[in-house]
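Peer 1: Next come the chains, spelled out residue by residue.
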Amino acid sequence: MQIPTELLTGILGFVFTLLVFSYLIGDNPLFRVAVHVFVGLSAGYVAVVIWQQVIINKLIEPLINGGWQERALLLIPLLMSVLLLGKLSPRYQVWGRPVVAYLVGVGAAVAIGGALMGTLLPQAQASLALFDLSAANPRPLTETLPEAVFILLGTLSTLAYFQFSTLNKSGKRPLLFSILGQTFIAITFGVLFAGALTASLSALIDRMAALVQFFDLLLFSL
Amino acid sequence: MPPENAAETPSWLTGISAAMSSALAEETPGERPQQPTAEETSAAESLPDAAPSTEAEPASDAVFSMDMPDWLAGFTPSDLNMPPESAARPASPAAPNPEDISPASLPSWVQALRPVEAVIAAAEEDDFEQTVEKEGPLAGFRAVLPVAAGLLKIQRPKTYSNKLDVDNAQQEQVALLENLLAAETRAREIPPRQKNSAERPLRWAIAAILLLVTLIPLALGSRWTPIPSLAGADLNAFASTLASVENGAPALIVVDYQPAFAGEMEPLAQSALRELMKKQARLAFVSTSPTGSLMAERLMAQLDAQNNYPTSVQLGYLPGGAAGIQVFASDPTRVGRGSSWKSATLSGITHLEDFAVALVLTDAPDEGRLWVEQAAPELRGKPLLMVISAQAEPMLRPYFDSHQIQGLMVGLNHGAIFEQQFLSDGPVRQAWDSFNLGLLVMETLIVVGGLWALIAAWLEKRAAEQEGAY
Chain A
1 MQIPTELLTG ILGFVFTLLV FSYLIGDNPL FRVAVHVFVG LSAGYVAVVI
51 WQQVIINKLI EPLINGGWQE RALLLIPLLM SVLLLGKLSP RYQVWGRPVV
101 AYLVGVGAAV AIGGALMGTL LPQAQASLAL FDLSAANPRP LTETLPEAVF
151 ILLGTLSTLA YFQFSTLNKS GKRPLLFSIL GQTFIAITFG VLFAGALTAS
201 LSALIDRMAA LVQFFDLLLF SL
Chain B
223 MPPENAAETP SWLTGISAAM SSALAEETPG ERPQQPTAEE TSAAESLPDA
273 APSTEAEPAS DAVFSMDMPD WLAGFTPSDL NMPPESAARP ASPAAPNPED
323 ISPASLPSWV QALRPVEAVI AAAEEDDFEQ TVEKEGPLAG FRAVLPVAAG
373 LLKIQRPKTY SNKLDVDNAQ QEQVALLENL LAAETRAREI PPRQKNSAER
423 PLRWAIAAIL LLVTLIPLAL GSRWTPIPSL AGADLNAFAS TLASVENGAP
473 ALIVVDYQPA FAGEMEPLAQ SALRELMKKQ ARLAFVSTSP TGSLMAERLM
523 AQLDAQNNYP TSVQLGYLPG GAAGIQVFAS DPTRVGRGSS WKSATLSGIT
573 HLEDFAVALV LTDAPDEGRL WVEQAAPELR GKPLLMVISA QAEPMLRPYF
623 DSHQIQGLMV GLNHGAIFEQ QFLSDGPVRQ AWDSFNLGLL VMETLIVVGG
673 LWALIAAWLE KRAAEQEGAY
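Listed in order, the protein sequences are those of chains A and B.
For the first sequence, this note's numbering assigns the number 1 to the initial residue and increments by one for each residue that follows.
For the second sequence, this note's numbering assigns the number 223 to the initial residue and increments by one for each residue that follows.
Derived by calculation from the structure, the hints in this document are not laboratory data.
Quick caveat, the model's predicted, so the values are computed rather than measured.
Incorrect hints may appear among the rest.
Here are the computed distance ranges between Cβ atoms for each label pair [what the hints assert, rightly or not]:
id, chain 1, residue 1, chain 2, residue 2, range
1, B, A465, A, A101, 35 to 41 Å
2, B, N418, A, L12, 34 to 40 Å
3, B, A404, A, I179, 25 to 31 Å
4, B, G603, A, F21, 45 to 51 Å
5, B, R556, A, A101, 21 to 27 Å
6, A, G86, B, P423, 34 to 40 Å
From the derived model, a few chain B residues whose C-beta atoms are all more than 10 Å from chain A [said to hold, decoys possible]:
id, residue
7, D389
8, R410
9, P413
10, L437
11, A523
12, N529
13, Q548
14, T555
15, A566
16, E595
17, A598
18, R602
19, S656
20, V670
Think of the CB as a built atom: it goes at the ideal place given N, C-alpha and C, for glycine as much as any other residue.
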């Protein structure tokens, strides 16, 4: 008797969905089994992908079949990889420090440069463009100006909420502006929560749809 | 003894006096004691008269030798192995010869602890010669007791404190800084959560409601709720940009969503890719997530189950995060196998700007932000579109407002609007009723729960006030 692949995957999906839903009655061994299986499968798959697509395709295969120049250049990452393995041992972890320092330095440089040139400056420029009174602004000023004032107010009040400076002469902080910033932050968190809730509902619907399809398949196969 | 007292001397003492006289006559002049010095004289004057004199000791020996028994009379000092001088002076308080006493060898650490010598030396040089006794038996003498004179001048060496010289203001600042640092590392105490007996049944009830609300429309295959027809500027820009892609143009597809969000992302991605495939676009898939390759293959399997679509290629996993994206943006040919770049799908592509469009499918705002920051400048005017999860929208929408992204499709809401333009009953439409009912129920539960919390807080406060009044 040959079991169809769709039926087999449907049974597994149904079983694991029930295992995950068992968390409704609290943390239990069934839920933990499902979580451990997912974590193990993910780790195994990621290891296989990295071995094949990074180590084999980008290092070993070019070292074997590549030209002399390519091989010479690949010796550098090979050496750094070997040194990085020294981090596994307390005795030889010193060897891996220069490699880690190199990785952290490059990562920080790329991230900071990208954040500055790709986020901070373009966003500031776009916010300033809302105040543009020239004719080059395609949107009418009655539309852009309230939006610009709202963004400016939200930005300044949020920064005021997070300021940690000294008190003013009267011994008090600018409370009203801080409360306004707190309100903006609360609205932002609410929007983020609503987005996460919507995405979770979509995932729940997908699981329910999978269960319905499984039972359809089961009924039709019978 | 004066002679005038001889008559009163008893007979037994007379014999002794005669013997003493003969003994004195036998002494040589060299053995006679020297005349006492002035100091000795003055000291002797201060002593009582009954004190015996040392000059009479040899005579006493002579006297006692007469009455000694026979067995003792034969002994001489030499027989006792004693030096004559010590035998003659058995208990003299005079100072010993300094040459016979070897100096004590003190350890170095003991010498280091004795500042007395240095102080005494200085004191002797200055004040010892000037010290004159003013009272007591030594009154009038100069420099009689040098040690006492020096010790009276002893001062302890000056000590230096090892504490920092800080004032009160500095100490207060230090205390403030220490408090700040301690507060940073101190974990905030979480008050114990009060267990509510109705919590578990309430959880089950909410779960049952959500399950039923999402399950029933799917099981019934309902089409109760209509799909909105109005699209926002972001979705309109997305659709128009996608429509402007020429037939057979190369398109870069970035699959950066996790399998957990496949339920939301796959219907949206299918809608967008279906439009590109209608135009026979050359699709190149890449991912910065290790599971992205799997999701891309799954996506293409759903769209092209028979594997008939000729122009698609998997460039695979792109390691390195932001640095990997930058490397890929600067030189895409360094990613993937060499054979992939020789295929017809990627022919003529050497830079990122050679792609007609870049479409990023992601559920995480950070992944989308990295592609905007690192790859968008290298597109050099070519459109960057995004299909994103609803949870990533608040963080990625500003990039659309700043025109760094040319179009957005967000969540099932946008997916349904986009899909109905091309498909009457696509996968998003099939889930639309469940999605709408689920959202409605969740919003209702949140509102009811919020109201209930407010009422409960008000009741609790009122009860506390009544208890206080009593």
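Peer 1: Decide, hint by hint, whether the structure agrees.
Peer 2: Hint-by-hint comparison with the structure:
no.	hint	in the structure
1	B:A465 to A:A101: 35 to 41 Å	49 Å, violated
2	B:N418 to A:L12: 34 to 40 Å	37 Å, holds
3	B:A404 to A:I179: 25 to 31 Å	29 Å, holds
4	B:G603 to A:F21: 45 to 51 Å	49 Å, holds
5	B:R556 to A:A101: 21 to 27 Å	24 Å, holds
6	A:G86 to B:P423: 34 to 40 Å	56 Å, violated
7	D389	21 Å, holds
8	R410	17 Å, holds
9	P413	22 Å, holds
10	L437	5 Å, violated
11	A523	13 Å, holds
12	N529	16 Å, holds
13	Q548	6 Å, violated
14	T555	13 Å, holds
15	A566	21 Å, holds
16	E595	3 Å, violated
17	A598	7 Å, violated
18	R602	14 Å, holds
19	S656	5 Å, violated
20	V670	15 Å, holds
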